[in-house]
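With chain A fixed as given, assemble chains B, C and D onto it according to the hints.
Residue numbers (this note's numbering), protein chains in the order written: chain A, 1 to 152; chain B, 1 to 152; chain C, 1 to 152; chain D, 1 to 152.
Think of the hints as simulated: they come from the structure by calculation, not from any bench.
Hints are not guaranteed to be accurate.
If chains are identical, the list can't say which one is meant, so a pair holds when it fits in one copy or spans any two.
The calculated lysine to any residue pairs, modelled on SDA-like cross-linking and capped at a C-alpha distance of 20 Å, are [as the list claims (entries may be wrong)]: (1) 43 / 71; (2) 88 / 136; (3) 88 / 67; (4) 23 / 140; (5) 99 / 140; (6) 99 / 124.
Residue strings, one per chain:
Number of protein chains: 4
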Amino acid sequence: MKKLILSLLLLAPLFALAQNQTKPYLNLEDAQRITAAATEKAKAEGWNVVIAILDDGGHLLSLQRMDGVQIGSVEVALAKAKSAVYFKRPTKVFEDAMKAEGGGRIATLPNAVAIEGGLPIFKDGVIVGSIGVSGVTSAQDGIIAAAGIAGY
Amino acid sequence: MKKLILSLLLLAPLFALAQNQTKPYLNLEDAQRITAAATEKAKAEGWNVVIAILDDGGHLLSLQRMDGVQIGSVEVALAKAKSAVYFKRPTKVFEDAMKAEGGGRIATLPNAVAIEGGLPIFKDGVIVGSIGVSGVTSAQDGIIAAAGIAGY
Amino acid sequence: MKKLILSLLLLAPLFALAQNQTKPYLNLEDAQRITAAATEKAKAEGWNVVIAILDDGGHLLSLQRMDGVQIGSVEVALAKAKSAVYFKRPTKVFEDAMKAEGGGRIATLPNAVAIEGGLPIFKDGVIVGSIGVSGVTSAQDGIIAAAGIAGY
Amino acid sequence: MKKLILSLLLLAPLFALAQNQTKPYLNLEDAQRITAAATEKAKAEGWNVVIAILDDGGHLLSLQRMDGVQIGSVEVALAKAKSAVYFKRPTKVFEDAMKAEGGGRIATLPNAVAIEGGLPIFKDGVIVGSIGVSGVTSAQDGIIAAAGIAGY
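Chain A on its own, in the form it takes in the complex (with noise of 0.2 Å):
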């Protein structure tokens, strides 16, 4: 398990430190931009969800709940956007990590949440923001959140 989180943390982009001190940043039309194609994959499937941008600093751009969506979801999609975002990782990180150590350490950790559905959004290396979707199976959620991120 040690390896898995190593080897995941080894992936992900670095930081890259401008050397003018400036980071990119998600707008509303790129919040706007992603929603959409994760609303086209959602709606493509027959998937009532929640969808939540947050920008860098966790806080959010947009949320738009999708009819028949179980009110519950909204703060789960709220959270998983979070994690994905504090921990520049995906839901699905957690969610596996869990898994394979059949423990709850992972319970633990402040914000983290371990059920897929949150996709941090990388522009450049730079954590910009992320995506979490809820409403459906975490799996389905998942790949609406990557169709999310394809739409950037």
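Coordinates of chains B, C and D only, in the frame set by chain A:
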């Protein structure tokens, strides 16, 4: 005991299906139409804001943060909208009451926000949700929120 | 009061939309330089305080508590700094507004602190973080915070 | 009744002044020396981390976030340090216990973190505070925390 619970479970759906016992509600399309109307007014005035739309349970249907808005406005817009739907009244009602009284009593009221910019949304006299706006002055936030309602 | 808030908003540096969609940010060296300048002033006056520096998302870059400071000042310094970066304005703006109004409206604004000692930090007109100071009187806290900014 | 309280109040200072009834404590200089030793090890290894030092009441003495560290590590470092001082033991003790047990019981223990990287700090057998480190793998976080203690 098991039988009793079973019987009660079988009776439960009947309550939900009682004739005429329905309530109107907002869907995502409504939320998007209201947000679009509010956004149009905001852009016309050159005001950048967060616009949050909640359902009748106080849960997010949609949120959108325009570029350059202070991050604090995310929670403020949410809190204004929550106050409006929790108390079925504009947040300006609490603002006026606090000004008239000159004291801080209302600040002890759970979920009450006494800053203009939150409005309840009604349909056929029934509350269906709310809008919360934050980003410019509270009076301007209120103008944008009203423009949103007008587009419903 | 409305006029006062409006004027302050107009004075606040506008968000500079960089053409290449990047923004400046604080690093640890900046935070340490700001903290050192604030500490120098605090020591010169014989005032013991907590000094917190946050990034543009409201997350801690550094914190330092001088000896003998009440433990409550840790959270106060953090809250002042959070208010300053969340609302892009000094906490004194909220303090003055509450005094002018004689009421408690601003106490219903999430994350707003109306006690001097929190200041936003800007670079090229863009918010990059904040400083929060607590330990002596709020006016003295404010003097130390300003000394910190001057050292940026 | 008033007299009784008065008498008790008059007696109170005597408890505090009882001979030898003192406890050792960390000051800011200690915290900075511990942080410097941890930082030196972190830099030697090329590991970027958050380093938090708490006093014996679990309140922050100092915190420092190196550049490029995920924002989630701020709360993780604080939580690890809190766990270490609240339970007077390394967070690795909880980690090992959860692994050995294969269950999630410890995740229900308030303030317990079961991820290596938090260490209590003792002086003359008395707990005086703790260090919490987060940013790399938990084993690496633990190495940095130990280097900090060694510098005390």
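First find the shortest C-alpha distance between residue 23 and residue 140 inside one copy, then the shortest across copies, and answer within, between, both or neither for a cut-off of 20 Å. neither (32 Å within a copy, 27 Å between copies)
Go through the copies and call it for residue 43 and residue 71: within, between, both or neither, with a Cα cutoff of 20 Å. within (19 Å within a copy, 31 Å between copies)
Go through the copies and call it for residue 99 and residue 124: within, between, both or neither, with a Cα cutoff of 20 Å. Neither, since 31 Å and 38 Å both go past 20 Å.
Which holds for residue 88 with residue 136 at a C-alpha limit of 20 Å: within a copy, between copies, both or neither? between (23 Å within a copy, 12 Å between copies)
Intra- versus inter-subunit Cα pairing at 20 Å for residue 88 with residue 67: Between copies, since 14 Å is at most 20 Å while 30 Å is not.
Using 20 Å as the alpha carbon limit, work out where residue 99 and residue 140 are close: within a copy, between copies, both or neither. Result: close within a single copy only, 18 Å intra versus 22 Å inter.
In this structure, the earlier hints numbered 4 and 6 are contradicted, and the remaining ones agree with it.
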